[in-house]
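Heads up: the sequence lines are chains D and Y, in that order.
Those letters in the first sequence? Residues 13 to 126, by our numbering.
Those letters in the second sequence? Residues 12 to 315, by our numbering.
Hint data in this document are derived by calculation from the structure and do not stem from the laboratory.
Misleading hints may appear alongside valid ones.
Restraint ranges, calculated between C-beta atoms of paired labels, are given here [claimed, not checked]:
| hint | chain 1 | residue 1 | chain 2 | residue 2 | range |
| --- | --- | --- | --- | --- | --- |
| 1 | D | K91 | Y | L46 | 57 to 67 Å |
| 2 | Y | D97 | D | Q126 | 30 to 40 Å |
| 3 | D | A71 | Y | H120 | 24 to 34 Å |
| 4 | Y | E40 | D | L80 | 49 to 59 Å |
Derived list of chain D stretches under chain Y, where covered just means 3 residues or more per stretch with a C-beta under 8 Å from a C-beta of chain Y [what the hints assert, rightly or not]:
| hint | region |
| --- | --- |
| 5 | 30–42 |
| 6 | 56–63 |
| 7 | 80–91 |
| 8 | 109–121 |
This one's a predicted model, so the numbers in the text were calculated from it and none came from an experiment.
Glycine residues also receive a C-beta, built at the ideal position from the N, C-alpha and C atoms.
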Amino acid sequence: MKQNIKLIDIFGTDLFSRAKASELNAKIIHNANEVSLDFYGINFMSRSFTDELFNIIVANCDKTFNFLNCNETTKAMLKSVSEGREHERKLGLPHPKMYKFENQKQLVDFLIAQ
Amino acid sequence: MENSRIHIPNEKENESIGSSFNHLVKVVEETERTLGKVVWDFSDVTFLHPFFLAPLAIYKSQTVKEIVCESISLPMQSYLNSIYFDRMLHFENAAKETAEMVIEQYASHTHIPLCSFSMTDANKDAFSSIARDLIVRQAKVGAGISTPISYFISELIDNIYEHSESPNGFLFSQFLEQEGCIDLCIADSGITIFKSYEKAGLFQEEIGQDESESLRLANEGRSTKNRPGAENRGYGISTSKRMLVEGLGGSFFMLSGSAFHRYEKSDINYYADVGKFFHWNGTLILLHIPISAPSNFNYIDYLE
Numbered sequence: 013m014k015q016n017i018k019l020i021d022i023f024g025t026d027l028f029s030r031a032k033a034s035e036l037n038a039k040i041i042h043n044a045n046e047v048s049l050d051f052y053g054i055n056f057m058s059r060s061f062t063d064e065l066f067n068i069i070v071a072n073c074d075k076t077f078n079f080l081n082c083n084e085t086t087k088a089m090l091k092s093v094s095e096g097r098e099h100e101r102k103l104g105l106p107h108p109k110m111y112k113f114e115n116q117k118q119l120v121d122f123l124i125a126q
Numbered sequence: 012m013e014n015s016r017i018h019i020p021n022e023k024e025n026e027s028i029g030s031s032f033n034h035l036v037k038v039v040e041e042t043e044r045t046l047g048k049v050v051w052d053f054s055d056v057t058f059l060h061p062f063f064l065a066p067l068a069i070y071k072s073q074t075v076k077e078i079v080c081e082s083i084s085l086p087m088q089s090y091l092n093s094i095y096f097d098r099m100l101h102f103e104n105a106a107k108e109t110a111e112m113v114i115e116q117y118a119s120h121t122h123i124p125l126c127s128f129s130m131t132d133a134n135k136d137a138f139s140s141i142a143r144d145l146i147v148r149q150a151k152v153g154a155g156i157s158t159p160i161s162y163f164i165s166e167l168i169d170n171i172y173e174h175s176e177s178p179n180g181f182l183f184s185q186f187l188e189q190e191g192c193i194d195l196c197i198a199d200s201g202i203t204i205f206k207s208y209e210k211a212g213l214f215q216e217e218i219g220q221d222e223s224e225s226l227r228l229a230n231e232g233r234s235t236k237n238r239p240g241a242e243n244r245g246y247g248i249s250t251s252k253r254m255l256v257e258g259l260g261g262s263f264f265m266l267s268g269s270a271f272h273r274y275e276k277s278d279i280n281y282y283a284d285v286g287k288f289f290h291w292n293g294t295l296i297l298l299h300i301p302i303s304a305p306s307n308f309n310y311i312d313y314l315e
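With the hints as extra help, turn the sequences into a complete structure.
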């Protein structure tokens, strides 16, 4: 059985939060074997929403998922999160400076000097 | 007992985040030290920077201290009224249409007044969406900036929801036309980042008692909720920050408990502990967002 879910009908044009994405699980029909998620009219999808969306897909691994009508930024977000879940994140950040101020004057002097 | 009088400093429009923070520490620290009623004296004030004003209002709304504001000039009083300095606009599980109607009144202004919004799932998303739309309309920015703004608001508010245990979030935005930027403040009054790691029992060896270390870990994307090999958490703050500072040339500031972090293009990137003399209840994030993106900026490049 095929199921088509228009995301705009459930969430509106913005897919903001992780908790919102988890609501999608309840919308997926138990005996559907192919689920198409239609992104028509979606302006923005957050990283948190996308990551939770992939959690739902993993939890429904007996089904095939298709993404329809994605705009460029939605496509990029899906690709980025999908790839990010397969590899451990390499932080590689330069170690920033760490300061400890003992009193307000020290802080004031420091901030003024910048 | 005589009231204690604290002078609110006058500020400049191009005040740096550091300077505004300096003023905030001074006023909050003096207020906290005072017993009994406190008078905030605005007699010197002709301008207040959004990055001083918004945290000051949040502090005032959360403290148990009795604070009275005096000697406010008429234009300043009018501005303070218009931004709801004394009593924030509160959105409690409001239907999106209701909140939209209230906020719509600000379409022709350059600011979103000081708002608190309850941290329920539906409410925070509806509020985030309305606030984003209004910020974008007020500053008349195109997709090049509106998509990053959506990213900042969604990730930072979702972070509050996931980690802070705060009943409410706070938001204030001011478009500064002459500077060509939007100053956005997002905050909570929940447990600090340090407490969030402590509660989760994670990275305790690295953090110890150093709150600034907990800020560093949060900013590097070490989530308290990640399930290794499955989820992809912890990107919200770090990616927002990179996109804002490295991509758009803006500034980022975060204050949580007794530590703060500052990241700006001009080689400013540090964490600091101020626990000996200052503590902030919750977490506060300030974003200085330029309204025109550099020609080589592409939102997609910052999606790690």
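Hint check:
no., hint, in the structure
1, D:K91 <-> Y:L46: 57 to 67 Å, "holds, 59 Å"
2, Y:D97 <-> D:Q126: 30 to 40 Å, "holds, 33 Å"
3, D:A71 <-> Y:H120: 24 to 34 Å, "violated, 45 Å"
4, Y:E40 <-> D:L80: 49 to 59 Å, "holds, 56 Å"
5, 30–42, "holds (count 3)"
6, 56–63, "holds (count 6)"
7, 80–91, "holds (count 4)"
8, 109–121, "holds (count 10)"
In summary, the structure is inconsistent with hint 3 from the numbered list given earlier, while agreeing with all the others.
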